[in-house]
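Undergrad: So you can see what is in the structure, the chains are spelled out below.
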Amino acid sequence: MNTLKRIFKARELSSLTFLLVMFLIVGAVNPAFLQIRNLFLTFNGSVVFVLLAVGISFVIITGEIDVSIGATLGLAAAVSATLLRGGSPWVVAVIAAVAVGVGVGLINGIGVTVLKVPSIIMTLGINGIVRGAIYVYTDGKWVENVPFEFKALSQASIFNTVTYFFFCTIVFMLAVHLILTKTKQGRHFAAVGDNMQGANLIGIPVDSTKVIAYIVSGIFAAIAGIVYVSRVGFVTPTAGSGYEMKAIAACVLGGISLAGGVGTVIGATIGAVIMASISRVLVFLQFSSDYDNTITGILLIVIVVADSLIQRRICEKARRERLSARTLSGVGGKCDE
Amino acid sequence: MNKRLLKEKLFQWENFLILILITEILIFGLLNPKFLQSRVLLGSINDFISICIISLFVTFVFITGGMDIQAGSIVGLTSISLGVLWQDAGLNIWTAAIIAVLIGAVCGAISGFLVAFTGVQAMVVTLGGQFLYSGIALAVVKLSSSSAFEGICGFPNSFISLATSKTLGIPNQVIIFVVLIILSYILLHKTKYGRYIFLCGINRNAAIYSGIKTKLIIMSTYILSGMSASIAGIVLTSYLGSARADLGKELTLPIITAVVLGGTSNLGGKGGVLGTALAAVVIGIMRFGLVMAGLPTQYLDIPIGLLLVVTVAARTVSGNTKLMKTIGKFIRKA
Amino acid sequence: MQVIGEPPISDTMISLHGICKCFSSNSVLKGIDLDVKRGEVVALIGGNGAGKSTLMKIIMGIYQQDKGDIYLNGEKVNMIKPSVALTHGIYLVPQEPMLFPNMTVEENITIGFPNKKAELHTRIVGIMDQLGWKIKLDRKANTLSIAEQQLVEILRGLLRDTKILILDEPTSSLTFNEVESLFKLIEDLKKKGICIFYITHRLSEVFEIATHVAIMRDGMITLKGPVTDFTKDDLVKGLLPPETKMKTSEKSEAIDYSKLKPILEVKKITGYGFRNINLEVYPGEILGVAGVVGAGRTEFATTIFGLDEVKSGQVIMDGEDITGASTRTVLDKGINYVPEDRYQNGIFKIGDVGSNLSSAFLRKSSKFFLNTKSEKQLAEDYIKNFRIKVTGQNQIMGSLSGGNQQKVVIGRALSTSPKVVILDEPTRGIDAGARGDVYTIINQLKKQGVAVLLISSDFEEIVELSDRAVIMYQGSINHSFNKEQINLDNLTAASFGVYEEDNH
Chain E
77 MNTLKRIFKA RELSSLTFLL VMFLIVGAVN PAFLQIRNLF LTFNGSVVFV
127 LLAVGISFVI ITGEIDVSIG ATLGLAAAVS ATLLRGGSPW VVAVIAAVAV
177 GVGVGLINGI GVTVLKVPSI IMTLGINGIV RGAIYVYTDG KWVENVPFEF
227 KALSQASIFN TVTYFFFCTI VFMLAVHLIL TKTKQGRHFA AVGDNMQGAN
277 LIGIPVDSTK VIAYIVSGIF AAIAGIVYVS RVGFVTPTAG SGYEMKAIAA
327 CVLGGISLAG GVGTVIGATI GAVIMASISR VLVFLQFSSD YDNTITGILL
377 IVIVVADSLI QRRICEKARR ERLSARTLSG VGGKCDE
Chain B
3 MNKRLLKEKL FQWENFLILI LITEILIFGL LNPKFLQSRV LLGSINDFIS
53 ICIISLFVTF VFITGGMDIQ AGSIVGLTSI SLGVLWQDAG LNIWTAAIIA
103 VLIGAVCGAI SGFLVAFTGV QAMVVTLGGQ FLYSGIALAV VKLSSSSAFE
153 GICGFPNSFI SLATSKTLGI PNQVIIFVVL IILSYILLHK TKYGRYIFLC
203 GINRNAAIYS GIKTKLIIMS TYILSGMSAS IAGIVLTSYL GSARADLGKE
253 LTLPIITAVV LGGTSNLGGK GGVLGTALAA VVIGIMRFGL VMAGLPTQYL
303 DIPIGLLLVV TVAARTVSGN TKLMKTIGKF IRKA
Chain Y
157 MQVIGEPPIS DTMISLHGIC KCFSSNSVLK GIDLDVKRGE VVALIGGNGA
207 GKSTLMKIIM GIYQQDKGDI YLNGEKVNMI KPSVALTHGI YLVPQEPMLF
257 PNMTVEENIT IGFPNKKAEL HTRIVGIMDQ LGWKIKLDRK ANTLSIAEQQ
307 LVEILRGLLR DTKILILDEP TSSLTFNEVE SLFKLIEDLK KKGICIFYIT
357 HRLSEVFEIA THVAIMRDGM ITLKGPVTDF TKDDLVKGLL PPETKMKTSE
407 KSEAIDYSKL KPILEVKKIT GYGFRNINLE VYPGEILGVA GVVGAGRTEF
457 ATTIFGLDEV KSGQVIMDGE DITGASTRTV LDKGINYVPE DRYQNGIFKI
507 GDVGSNLSSA FLRKSSKFFL NTKSEKQLAE DYIKNFRIKV TGQNQIMGSL
557 SGGNQQKVVI GRALSTSPKV VILDEPTRGI DAGARGDVYT IINQLKKQGV
607 AVLLISSDFE EIVELSDRAV IMYQGSINHS FNKEQINLDN LTAASFGVYE
657 EDNH
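Chains as they are written, first to last, in the working numbering: chain E, 77 to 413; chain B, 3 to 336; chain Y, 157 to 660.
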């Protein structure tokens, strides 16, 4: 009974319900949408966003923000694509990309914790710097001619439905989820986001937790960059630009609070799948996919506002019940003549 | 006492910005003497007028403790709306411009209402707004007979001259900027409304207990920022001679940089438009000067990002005595 | 306190030597020496700003001392961060609870422990049974009342194998029964040899549970020793600055109510946290509203002030019905309110003193443009009349002492020239000097014919100032007293619901 209650209270469940309802409605209008093949195409297409959203959710749960992941994705993609084109083994390319992610994350983390620059400012600045670095690195040119074998990786799939990328991403995400919820260190992220001073008081290393969150976010962005290279096959200097906003939107759709302390990576994943499927949904409803942004914006606002109003109502109700419980009911005081 | 006051005055952030500005102009002047001609210097504002206009009023939002990352998308929406209203609806261009400003106000009002009345974080609401308004802009394109790629062209000369000609030898854009600085300065620093904005940002509860209608005040700042974005959209359309839906897309970073660099706190309650105006010019001149010195435009985000991070870091670090001591020790050791 | 003949190996658990601390140029602690032995409960008392909390935060490693050393069991320890203090068995229960609002009670208590969940659970249940406290462990912390949060904080401290427990005003929001069980627990801990720092403002508690007492004033310990060496009067003397005498206002004449018409009438009003309240307030009187914390007084006041919903009843101000009016209308009709929580609802911390004083006044004085002249004049007047200690109108509010901040907030409330002023705990946490000034201000208001509603948990204050007093108990007014009947015994008895007519 208790577990059931908890499940119903879970915020990611409402996101999942939303996803299912959306799929069913689209399926009712256009049954082709609900074909297994198409559904998996939708899922497989969401890998980049899922990776970004899972990574950034670490930062958001600690109560900070990271708008540099789009540029990090671009730089990691450019670096790894250049290496691959040059004939380096893919292990080297992956290591180099991850190193980029760690580096950017570390700089962000130090800026936010040691230099105490507000996170939106810090990561916004770093976003510009990293984006510029892509131009410097690529000399403003596209990185093309990525080896065919590497591109083929993105198509490789299990039973012709689930790509290895999607499968690995989900496994990865579940592992991360377990670490976050079941281990001592993992719970530190939520604690820091929930009440920073309180976390400090009971001995949680606030600063290093935040730095780690930024590094994780950077690493996930870098991995997303590698997937991007494999899927797209070339890297432009603007690769990944604007993705940071979509990743943040995905987290919010998945029930993660930007105030910190609330949310799970499962929620982030569901949110990312919603985000990634919107343009596909539009096509199946025979709308132009140009309305992608409009729908995303409306969804984001409606969901968040509804959630906030419900939460506020619950809190207000609890407050009022508590206050009413304090008053003496039945006979009033002796003074009521 | 007097000495301390003098010292405080001297070390005001605005003065520091003026110093940076002068240094910038001198360096770029040395690199390329043409840069120092008043025609070039004043004309450079064409490249960053939108940042200047919008950041003035985004400052208001920041002071209430809010955040606005949607202004850039309103620029594109108003630009394309202006074009469609003129070309496809056949309105007079100036009527169309007024309606465009109203559209900006409505966009701001929607987001502002949600921020003020539902308690959702401003960052989330304006993120949603960014998606929504840029999406609507694309939808508006479909109403026009022109393609999104080309934009809408062929505006009357009277409209084009709004941003391109000069009055009394001064470029119109400079005049628009100065007028808006004066307006916003008076509004924020000399009126009751402006004071209420500060009080809301410092402590909203205490403002409520003082009988201030904080929700309306907060909402109004988003309306102002939306209107400023649409003014920027109109000026930009006039300058470029074409109305496009994707204008203003890259403005979020420079706008926030200008506001924060100008000394306004992103936590609310502190700041001013003079600092923002100076910072916007510092950024604009830097972009312009670097391009004149031969740096490719795509690289410009690097110095601006650095400027943002370094100044804010310096400001927070110098306010942190403990960290300063450690750094001092470190330097002495080395 | 060293007695000859004591064994050479002392059982001093923690020893502070010459602790000094400055914040910017403001010296908060000026050389604190203190030894605490096993099983001792040291009551630390002193006004706000005396440095008690700062000292405790240094012991906990939240702040670092500028000078001085901390010794634990004779060994010097460098408390660089809270985790160091925790590993040495020190735990601070802060004045304002610092829970994780989005976690459950159980998660809040157990986070940071390496132990198994099940084991911790049984231990928590055990402790709660022993104490008789009832909090559902799966509730989220953001649904807890302040008192419940405080209980959770204390549980947290108990679950750790704490050797040194610091309690910073733990009883300030607890109910009578909860306080009692907490005291029993402290007795228990005492026997187990745990040493406890107990910060409080209530002198009666000192004699009830402390073994030793230390009084702090202006960053120094002015008096310390075993509790048995002192009387209550000794402690009161120790708290006051040496030169000031206890300030008592001149006793005022009893008011002849027969000729007066009430300015504010409250008829059978019910809201959240109080019910069925009838009240008449007359011009030129001070009406005390006494009761324990949580009796519904603040809720009653804020509801009249237009901040919460009126469920039923009527509020009539000067003959006009203002039931359910907005705060702005209530202000315009001539009621103003000085909030209980100064920090949350009162001050504009990073604003200057001038704009703090004028925030409510602006509505009348300025139309569109700021009337800076009248604003300056207003600030000047209040700074002078209320003896607010500032370097100038431009001084930042946050840098003022608590007492001066409170004077500014009161000044703001008076700037709208109200006919009724509700003061909610106007002297909580301010030093004796400022308290005297606030009393003078209240008496001045009375002379000007303003009706004052004085909400206070400090019954001495009500006895000293009030012309009439009502007592709120569990959301209702259960008694009212006229001037002759107001005394500490009656107020206390009625507040705890045990007053009987023939009792006095």
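Treat the hints with care, since some could be wrong.
[To be verified] Listed below are the simulated EDC-like cross-link pairs for lysine to aspartate or glutamate, each with C-alpha atoms no more than 20 angstroms apart in a straight line:
1) Y:Lys296 with E:Glu88
2) E:Lys258 with Y:Asp412
3) E:Lys260 with Y:Glu536
[Claimed, not checked] Label pairs and their calculated CB-CB ranges:
4) E:Ile390 with B:Ser163: 27 to 35 angstroms
5) Y:Asn229 with E:Val168: 53 to 61 angstroms
6) Y:Glu343 with E:Phe248: 26 to 34 angstroms
7) E:Lys227 with B:Asn159: 21 to 29 angstroms
If you are wondering where the hints come from, they were derived from the structure by calculation, not from laboratory data.
Beta carbons: idealized from backbone N, C-alpha and C, even for Gly.
Undergrad: Which numbered hints are broken by the structure, listed smallest first?
TA: Checked against the structure, the hints that fail are numbers 2, 3, 4, 6, 7, while the rest are satisfied.
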